[in-house]
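Could you put together the complete structure from these sequences and hints?
Note that the UniProt record's numbering numbers the sequence shown so that position 257 is 257, with each residue one more than the last.
No wet-lab data here; the hints were simulated from the structure.
Check the hints yourself; a few may be wrong.
[As the list claims (entries may be wrong)] Calculated cross-link-like contacts (lysine-lysine; reagent style DSS-like; alpha-carbon spacing at most 30 Å):
(1) K116 / K133
(2) K84 / K116
(3) K186 / K116
(4) K160 / K173
(5) K116 / K174
(6) K173 / K163
(7) K84 / K133
(8) K116 / K160
(9) K84 / K36
[Said to hold, decoys possible] Pair by pair, the computed Cβ-Cβ distance ranges are:
(10) L24 / T274: 14 to 20 Å
(11) N129 / G44: 37 to 43 Å
(12) G111 / A161: 30 to 36 Å
(13) K133 / R2: 29 to 35 Å
(14) G43 / G111: 50 to 56 Å
(15) T158 / H57: 56 to 62 Å
(16) L35 / E184: 38 to 44 Å
Glycine included, C-beta positions come from ideal geometry on N, C-alpha and C.
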Amino acid sequence: MRIAILSANPNLYSTRRLVEAAELRGHEVLVVDHLKCHVMIEGGKPSVLYEGQPLEHIDAIVPRIGASVTDYGCAIVRQFEMMKVFTTAKSQAITRSRNKLRSLQVLSKAGVGLPKTVFANHPKNGDINQLIKLVGGPPVVIKLLEGTQGIGVVLAETTKAAKSTIEAFYGLKKHVLVQEYIAEAKGADIRALVVGNQVVGAIRRQGVDGEFRSNLHRGGNAIPIQLTPEEEDTAINAARALGLKVAGVDMLPSDRGPLLLEVNSSPGLEGIETATGIDVAAEIVAYIEERIPADESDTVGV
1 MRIAILSANP
11 NLYSTRRLVE
21 AAELRGHEVL
31 VVDHLKCHVM
41 IEGGKPSVLY
51 EGQPLEHIDA
61 IVPRIGASVT
71 DYGCAIVRQF
81 EMMKVFTTAK
91 SQAITRSRNK
101 LRSLQVLSKA
111 GVGLPKTVFA
121 NHPKNGDINQ
131 LIKLVGGPPV
141 VIKLLEGTQG
151 IGVVLAETTK
161 AAKSTIEAFY
171 GLKKHVLVQE
181 YIAEAKGADI
191 RALVVGNQVV
201 GAIRRQGVDG
211 EFRSNLHRGG
221 NAIPIQLTPE
231 EEDTAINAAR
241 ALGLKVAGVD
251 MLPSDRGPLL
261 LEVNSSPGLE
271 GIETATGIDV
281 AAEIVAYIEE
291 RIPADESDTV
301 GV
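Pasting the structure below:
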């Protein structure tokens, strides 16, 4: 097969590992910077141009789209879909997962366990008090609608701190979610890597002392774990609900079962491969090999 990895940086760990895994399995691999791609729209002849030349005879793409360029990256993925090229992440699924509110709405309908979360349109002072009460009172977690690697996530330990943070974000014309704080998680969360309809690896991430965010980019550490049946079902159902075939699913352990935080459509591979020793990149390539013949029946509206 001829596989294109859509990545703006060929030196990133995840990109390099996907290239290595695909080449080891005998495939031709291209690393394509989606920001340098052009969409050519013509009746009956959709095409993608890369550095001025049409990208032809591509059997599959693996989108590694950065959060800051979601719209443009999804336009390129969508064009490949129009060309009937298999993708490990459909454009619509990427868009769903990148908006925290939209993804939580979809996941709530699917019956996945979630922390109590509220969203309002620039509430006034009294309304902010009500939002805080709705999620159980302080401490509360305040999140920007768009953000990755723990950026734009604040723990407010008092009502006064929560109000100040919410007002500051609104002053910057940013929308936020207010979410209950799960104290029993103790600064830890679970990352499950879903490929196809199964979890291929899972880690427990623990934040550093004094840090409630467990992201590895923020200095957290990871250990391999075996998921409980409930955690495994939650991860698989969450990825399925958003339409993602390759996903990093983040959950909080709680007294009422696993609570889903978010689903990442371009999960990093370094943390989970290093901690578990599992060749996740090879699992992704194997999934592509398995799915391409059947892709005709697996379409999602755009």
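ask   = Range hint 37 to 43 Å: satisfied by the CB atoms of N129 and G44?
value = violated, 58 Å
key: Satisfaction of hint between K160 and K116, Cα-Cα up to 30 Å   = OK: K116 and K160 at ~20 Å, within 30 Å.
message = Given the hinted pair K186 and K116, is their Cα-Cα distance within 30 Å?
response = holds, 17 Å
query = Quick one: are L35 and E184 within 38 to 44 Å, going by C-beta?
reply = holds, 42 Å
message = Between the beta carbons of G43 and G111, is the distance compatible with 50 to 56 Å?
response = Taking Cβ atoms as reference, G43 and G111 lie about 43 Å apart, which means the hint is violated.
key: Hinted pair K173 and K163, Cα distance within 30 Å   = Cα-Cα ~15 Å, so holds.
request  = Could you see if the CB distance from G111 to A161 stays within 30 to 36 Å?
outcome  = Since G111 and A161 have Cβ atoms about 33 Å apart, the given range 30 to 36 Å holds.
ask   = Going straight from one Cα to the other, do K116 and K174 come out at no more than 30 Å?
value = holds, 20 Å
inquiry  = Hint check: K84 vs K116, CA-CA at most 30 Å. Holds or violated?
reply    = violated, 40 Å
message = I want to verify a distance hint. Is the separation of the beta carbons of L24 and T274 within 14 to 20 Å?
response = holds, 19 Å
ask   = Quick one: are K133 and R2 within 29 to 35 Å, going by C-beta?
value = violated, 56 Å
ask   = Under the criterion that the straight-line Cα-Cα distance not exceed 30 Å, is the pair K84, K133 satisfied?
value = It is violated: about 49 Å lies between the C-alpha atoms, which goes past 30 Å.
Checked against the numbered hints given earlier, the structure breaks hints 2, 7, 11, 13 and 14 and satisfies all the rest.
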